[in-house]
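Colleague: Given the coordinates of chain A, assemble chain B onto it according to the supplied hints.
Below are the chains, spelled out letter by letter.
Protein chains: 2
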Amino acid sequence: MDRAEVLRRLEEWGARLAKSILELEEPAMEIPARTLSNTVWDERARMLRLGPERIRRRFLDVKEARKFMQTVLMLRLIAEAIREGVYPTIRDLYYNGKHTIIYRDPWGRTHSENTWEEQDESNAVIEDIEVAVNALREEMGVSADVKGKVVGPVVIRSQGYELDASKFGETALSLPVNVDALEIVKVEASYVLVVEKDAIFQRLVRERFWSQEGAVIITAKGMPDRATRRFVRRLSEEFKLPVYVLTDGDPYGWYIYSVYKSGSIKLSYESERLATPGAKFIGLTASDIDEYKISDNYVIAATERDVKRARELLRYPWFQRPEWAREINLFLKRRKKVEIEALSTHGLKFLHDYIRDKIRRGKFID
Amino acid sequence: MDRAEVLRRLEEWGARLAKSILELEEPAMEIPARTLSNTVWDERARMLRLGPERIRRRFLDVKEARKFMQTVLMLRLIAEAIREGVYPTIRDLYYNGKHTIIYRDPWGRTHSENTWEEQDESNAVIEDIEVAVNALREEMGVSADVKGKVVGPVVIRSQGYELDASKFGETALSLPVNVDALEIVKVEASYVLVVEKDAIFQRLVRERFWSQEGAVIITAKGMPDRATRRFVRRLSEEFKLPVYVLTDGDPYGWYIYSVYKSGSIKLSYESERLATPGAKFIGLTASDIDEYKISDNYVIAATERDVKRARELLRYPWFQRPEWAREINLFLKRRKKVEIEALSTHGLKFLHDYIRDKIRRGKFID
Numbered sequence: 004m005d006r007a008e009v010l011r012r013l014e015e016w017g018a019r020l021a022k023s024i025l026e027l028e029e030p031a032m033e034i035p036a037r038t039l040s041n042t043v044w045d046e047r048a049r050m051l052r053l054g055p056e057r058i059r060r061r062f063l064d065v066k067e068a069r070k071f072m073q074t075v076l077m078l079r080l081i082a083e084a085i086r087e088g089v090y091p092t093i094r095d096l097y098y099n100g101k102h103t104i105i106y107r108d109p110w111g112r113t114h115s116e117n118t119w120e121e122q123d124e125s126n127a128v129i130e131d132i133e134v135a136v137n138a139l140r141e142e143m144g145v146s147a148d149v150k151g152k153v154v155g156p157v158v159i160r161s162q163g164y165e166l167d168a169s170k171f172g173e174t175a176l177s178l179p180v181n182v183d184a185l186e187i188v189k190v191e192a193s194y195v196l197v198v199e200k201d202a203i204f205q206r207l208v209r210e211r212f213w214s215q216e217g218a219v220i221i222t223a224k225g226m227p228d229r230a231t232r233r234f235v236r237r238l239s240e241e242f243k244l245p246v247y248v249l250t251d252g253d254p255y256g257w258y259i260y261s262v263y264k265s266g267s268i269k270l271s272y273e274s275e276r277l278a279t280p281g282a283k284f285i286g287l288t289a290s291d292i293d294e295y296k297i298s299d300n301y302v303i304a305a306t307e308r309d310v311k312r313a314r315e316l317l318r319y320p321w322f323q324r325p326e327w328a329r330e331i332n333l334f335l336k337r338r339k340k341v342e343i344e345a346l347s348t349h350g351l352k353f354l355h356d357y358i359r360d361k362i363r364r365g366k367f368i369d
Numbered sequence: 004m005d006r007a008e009v010l011r012r013l014e015e016w017g018a019r020l021a022k023s024i025l026e027l028e029e030p031a032m033e034i035p036a037r038t039l040s041n042t043v044w045d046e047r048a049r050m051l052r053l054g055p056e057r058i059r060r061r062f063l064d065v066k067e068a069r070k071f072m073q074t075v076l077m078l079r080l081i082a083e084a085i086r087e088g089v090y091p092t093i094r095d096l097y098y099n100g101k102h103t104i105i106y107r108d109p110w111g112r113t114h115s116e117n118t119w120e121e122q123d124e125s126n127a128v129i130e131d132i133e134v135a136v137n138a139l140r141e142e143m144g145v146s147a148d149v150k151g152k153v154v155g156p157v158v159i160r161s162q163g164y165e166l167d168a169s170k171f172g173e174t175a176l177s178l179p180v181n182v183d184a185l186e187i188v189k190v191e192a193s194y195v196l197v198v199e200k201d202a203i204f205q206r207l208v209r210e211r212f213w214s215q216e217g218a219v220i221i222t223a224k225g226m227p228d229r230a231t232r233r234f235v236r237r238l239s240e241e242f243k244l245p246v247y248v249l250t251d252g253d254p255y256g257w258y259i260y261s262v263y264k265s266g267s268i269k270l271s272y273e274s275e276r277l278a279t280p281g282a283k284f285i286g287l288t289a290s291d292i293d294e295y296k297i298s299d300n301y302v303i304a305a306t307e308r309d310v311k312r313a314r315e316l317l318r319y320p321w322f323q324r325p326e327w328a329r330e331i332n333l334f335l336k337r338r339k340k341v342e343i344e345a346l347s348t349h350g351l352k353f354l355h356d357y358i359r360d361k362i363r364r365g366k367f368i369d
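Protein sequence lines correspond, in order, to chains A and B.
Under our numbering, the first residue of the first sequence is numbered 4, with each subsequent residue one higher.
Under our numbering, the first residue of the second sequence is numbered 4, with each subsequent residue one higher.
Isolated chain A (complex conformation) (with noise of 0.2 Å):
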């Protein structure tokens, strides 16, 4: 969807509103509920989603009044965005936006109120927007920071300009804020292989990896952003190609996986696109301790915060797989986590011969 599509459907929603205004009926709007009771996991899907739940926003309710004039203020100036030709970021629109309501009372006294006081309350309505219109921040042109870095045998065209992630040396293509405008024009690899660390992407590149097996490598360092993961969500979607997430063995590791694969509970409403129900974890499992013999000097006692994190990735539905809960007891059982780089104390090129073992023994978690 290009922007001029953006641009007719916010035009039309804000038509109906001037509309009801006109025919003297209370103005209101019905958007899909982003609640945690209204985001549902879809077990034949494999992702999080949103639920059928929608409210009602109207303009004469005293306890939605601001929420809807905030809501009618960002629709116009992502219409504003658009129609002058400029990508502003969230933070640009929380600015732009913002300012105070002077009215006078009918006894006569003055008040004052901020459009929105802080920027959650502005990106929420972006949010709002995004769900009610369906259609991505990205494709409105709306602007944020991008981690995403890939490399390998992949071809794309932005803009008309075609670039060969394959002929990049030990550069990088840095991801765009929107993926969907990238044409992917040929893949020619045998799977992706997403990586959670920047320093390890940085190695599998200049050691070539990435040549040797065939395969697209992708970092968005940590936990990824919606172009990185919309990205990978193509290439397996598109190119029917296998999704292997390489992070370290730890709660928060295991969680940046299933970010990757089911979505997240923010951006449950995103999850049909940004999802890789298909992706596979090679990274260090709590077995893996012993599986690869890493004593005792290279593991690393986990804190109270990665014993709180494991507990809640055994609640979530995405982990009701027995290899995760075994793996998962197993960690809340020895209290030790492990990095990625603790597997050089095998030898400095020990990191390939992992990988291939973990890909060609299938030796993943779903």
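To be clear, the hints were calculated from the coordinates, so they are not data collected in a lab.
Where a beta carbon is used, it is the ideal one built from N, C-alpha and C, also for glycine.
Any given hint might turn out to be false.
Stated by the list, open to error - Simulated coverage check for chain A against chain B, where a stretch passes if three residues somewhere in it have a Cβ under 8 Å from a Cβ of chain B: (1) 81-88; (2) 98-109; (3) 137-149; (4) 161-174; (5) 177-189; (6) 280-293; (7) 338-352.
Modeller: For chain B alone, coordinates are given in the frame of chain A:
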């Protein structure tokens, strides 16, 4: 310097140590001291530098023996990595070298000691080796996170592949670990614009600001890493391009600018290769709040940490310019900071006007 040359220097150093042992002399190494007291502000070159102090690390000194062992161990690990053609991360080297030394004293008692406990220790010896053999860890082939992204009229060559950063569409070129291995083939830019924030970088890319201005735009997402600093420096030094740094209007943003320009205390021994003394500041200053009519609604109250940091800046020799003293004192008086996105209160396109205004009218701080 390529890896073969680095290896030669490392081997030479190791051979000298071995020779003294074979000749029954006490092995010792001389290393420039990376201490605060040996960090000097070079007023003429306008950068932080390491002074002339050197430490003599002797093997038969109880206080030095552990450090001596660590240095020799790291020397061996890096030499091995070069010989094997691998590019370990600093964390890989930590794990690869970490082990327990068990020994028996003359009275038959067994003692054990780890080669190093934390990564701080292994990182410190990497830095010692850098200054001792005068080679960057990047040149040694040690990997680390890379943050820098580039777009604009610059053509580089990496491992034989030519990359034209003006033909990246909405994507960007992600810098490599070792910027010195890049050949900068051609630059047809009028200036280099370094942007603190990634989201602002994305905006300027999508709005093709760089193309309207003929500018190379670079971001390192906040505090710059070594690769980004080295790349900015090379553009400035080899192509005589003016460099402008755009940050938020707060002590952290001003400090980021100074790291690009003058170097950091921690890495003062690298300033000669990483600093860009000619860089100009075009971010927001304390007086810009009036100058660009940014109303109270868009200004943020400074925290105690901001105030503390501002007082530190006042003491640094590289902030001893009347303009900086005035701005920092004004900040300390008003205790107000302002983000670059606050300019959007004057419209979503105002950012472009602001950058042009600062550059064209010379409204920068040197």
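Colleague: It remains to establish, for every hint, whether it holds in the given structure.
Modeller: Hint-by-hint comparison with the structure:
1. Closer than 8 Å: that is the beta-carbon criterion, and the region 81-88 of chain A has 4 residues meeting it against chain B, so the requirement of 3 holds.
2. Counting residues of the region 98-109 of chain A whose C-beta lies closer than 8 Å to any C-beta of chain B gives 5; at least three are required, and the coverage claim holds.
3. Counting residues of the region 137-149 of chain A whose beta carbon lies closer than 8 Å to any beta carbon of chain B gives 5, which meets the minimum of three for the stated coverage.
4. Counting residues of the region 161-174 of chain A whose CB falls under 8 Å from any CB of chain B gives 10; the rule of at least 3 is met.
5. Counting residues of the region 177-189 of chain A whose CB lies closer than 8 Å to any CB of chain B gives 7, so the stated coverage by that chain holds, three being the minimum.
6. Counting residues of the region 280-293 of chain A whose beta carbon lies closer than 8 Å to any beta carbon of chain B gives 0, which falls below the threshold of three, so the coverage claim is violated.
7. For a cut-off of 8 Å, the count of residues in the region 338-352 of chain A with a CB near a CB of chain B stands at 9, and the three-residue condition holds.
In terms of the numbered hints stated before, the structure departs from hint 6 and from no other.
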